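Engineer: Using the hints, position chain B against chain A.
Going down the list, the protein sequences come from chains A and B.
Residue 373 is where the first sequence ends in my numbering, and the numbering goes up by one at each step.
Residue 373 is where the second sequence ends in my numbering, and the numbering goes up by one at each step.
To be clear, the hints were calculated from the coordinates, so they are not data collected in a lab.
Source: prediction; values computed, not measured.
Hints may be right or wrong, so weigh each one.
A pair counts as met if it fits within one copy or between any two copies, since identical chains are not told apart.
[Said to hold, decoys possible] Straight-line distance between alpha carbons at most 20 Å, and here's what the computed PhoX-like set of lysine-lysine pairs gives:
{"hint": "1", "residue 1": "Lys174", "residue 2": "Lys241"}
{"hint": "2", "residue 1": "Lys83", "residue 2": "Lys312"}
{"hint": "3", "residue 1": "Lys296", "residue 2": "Lys71"}
There are 2 protein chains.
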Amino acid sequence: MKFTLVHTDTSARAGILETGHGVIETPIFMPVGTQGTVKAVEQRELIELGAQIILGNTYHLYLRPGLEVMKAMGGLHSFMNWKRPILTDSGGYQVFSLTELRKITKDGVTFKSHLDGSAHFFTPQKVVEIQRTIGSDIMMVLDECPPYPCDEEYARESNKLTVKWAALCQKEVKITEPLYGHHQSLFAIIQGSVFKHIRSDSAKALTDLDFEGYAIGGLAVGEPAETMYEMTEFTTQFLPKDKPRYLMGVGTPENLLESIERGVDMFDCVMPTRNGRNGMVFTRHGRLNMRNAKWKTDEAPLDGDFDSYTNKNFSRGYLRHLFQVDEILALQLASIHNLAFYLWLMREARKNILSGTFAVWKKEMLESMASQF
Amino acid sequence: MKFTLVHTDTSARAGILETGHGVIETPIFMPVGTQGTVKAVEQRELIELGAQIILGNTYHLYLRPGLEVMKAMGGLHSFMNWKRPILTDSGGYQVFSLTELRKITKDGVTFKSHLDGSAHFFTPQKVVEIQRTIGSDIMMVLDECPPYPCDEEYARESNKLTVKWAALCQKEVKITEPLYGHHQSLFAIIQGSVFKHIRSDSAKALTDLDFEGYAIGGLAVGEPAETMYEMTEFTTQFLPKDKPRYLMGVGTPENLLESIERGVDMFDCVMPTRNGRNGMVFTRHGRLNMRNAKWKTDEAPLDGDFDSYTNKNFSRGYLRHLFQVDEILALQLASIHNLAFYLWLMREARKNILSGTFAVWKKEMLESMASQF
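Just chain A, same shape as in the assembly (with noise of 0.2 Å):
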């Protein structure tokens, strides 16, 4: 993998990352696409919006379809037949999240799926094994994400072991082969919760280990967005300039330009598709709720001239129907829209940043973006 960075505008930064499935442009958002599909979204729907890489959820694809069935089918791009990169999460996010149902150890995580209740463990090394069985470009380390709000011991603590962690991942890393004959590269995760100085322990540590790119981890878990845009700013600061910066799980379309602007390259997060399930879509002006009456006898798209197949063929009238009935094809066309809207933001950030027009920009976009319907 490689990674250019072509342009720098404030502190936003335009780049080229190559992989074994092909060029993604930075800054990007990665749809996610949890079980091996981006819910309601098809394959060549994601190449018609533009998608440039999408993201695997390894604990899901860990349990279904297994990794049994991973290894007989080519790993997770032939599985789903797509050709463009896929970076997967290391687990351990999900894992942490099943509260109840694990216990953390200093060797890895003892969990309970979800599904049956079976007992399985997951180490740096396990994640790694799962991850090359996927077939990722880019594959995660194994971290604790610590919840929000914790108290400093338990951030320090909890760090160190993330940190050992990566360092596990890497050496792992080193002594096994891609099963499919693309490289796959590693990412480590900086944690340390909301404290600046184990965030920048956290950083100076992973750095010296020198991975291919490295995430921003425990963040836009329940923590005021100004707090976040701080940590971030904060982080972003003790990373290499020539390597990718991913934020993970974030956020929404204005999260996005902050962080953009605070030197963030990679995003990915369910918000354009799970709330578009739900009835919410974005557009530049500001965000429609389509269960509301008030879109009724609406025959407007949902946003002017916007290229999305959603607001090119329908209006708000029918999307909004199709919400009040339940139809499947609601589903489909607010997450075609939402993407479309995400991924169009983080061209047209790129455009501006590569024109060194970026802050301008953002002024307007975040404006436009707070008018109300």
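Structural biologist: For chain B alone, kept in the frame of chain A given last:
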């Protein structure tokens, strides 16, 4: 509307039906779009599949979005952005299915909405008014569909009502105008349960009234397939050759081929989409239950080189996984494939009628579809 009988082979017919929204080549299968969407399938996908006409359900559209919205949005074509022909049922079938909630009188049927219990009254005049508001290219008369089995007396009286209501619908169509500038045809519905002399009475009375097309109703309601074929074959002999014939609510691919051979031109059924959503896919070589564990690591497509997005891009193993984990994409891909299969089957039937090889092709196709996976 103009129907041209192009060629006959055995009793199978190839025709051309010209409507205000374009030409339909028969025999044709009409995907069911109950609430203004064919479930889990996008409008552009219906085009890609070669759908020439779709069906809307008057009962459902009358309740939601309702006539006020339908009118404000310029009718169903405009509302759902579907530029090809639409056929609507009269709502009668759905209303009569509400056995506990409806009451029939000679003037019409009173019923309570399955959604909120509100009371409504459908008359022959009312269902024409609703279908005028929907703006379907082909409207259906209000009929009573007797349950199966029913006694001869009930079937006779019920058919009398159906014929009377058909005449009232026809009269209403004559004294009203389309709302959206395109012609709307009215088809009559022949009833009579499984009693031949009532079927012939019904056919004679309705053809005397001279409708633009004739449907055979009251079949596929629980009677044996052989009885359905016998009734269809018996009924078509009383129908004018120069008018389209529509067998309502039928059926399996096998049912379609048998009925085409008995002189039917048009079909609708929820089977390809509903069964698809339940994990059953139709292929040239029989049916597959995609929930079956035996497909777990099957890398083959559903059906060899068959031309559907699903078949060309995804394996049985992947589709099985999507059903296993309850992903929306499972519903999309199975629905697309099944509709592709039904529409392909109709195109092949037509080709073989035109080339005079229908009987041979039909026999081979039935044998092939009867094979076991």
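Engineer: So, for every hint listed, does it hold in this structure?
Structural biologist: Now the hints, each set against the structure:
Taking the shortest Cα distances, Lys174 and Lys241 never come within 20 Å of each other, neither inside one copy (24 Å) nor across copies (77 Å). For the identical chains of this complex, Lys83 and Lys312 are inter-copy neighbours only, at 15 Å across copies versus 27 Å inside a copy, given an alpha-carbon limit of 20 Å. With identical chains, the CA atoms of Lys296 and Lys71 are at most 20 Å apart between copies only, with a shortest distance of 12 Å across copies and 49 Å within one.
Comparing the model with each numbered hint stated earlier shows that hint 1 is the single one that does not hold.
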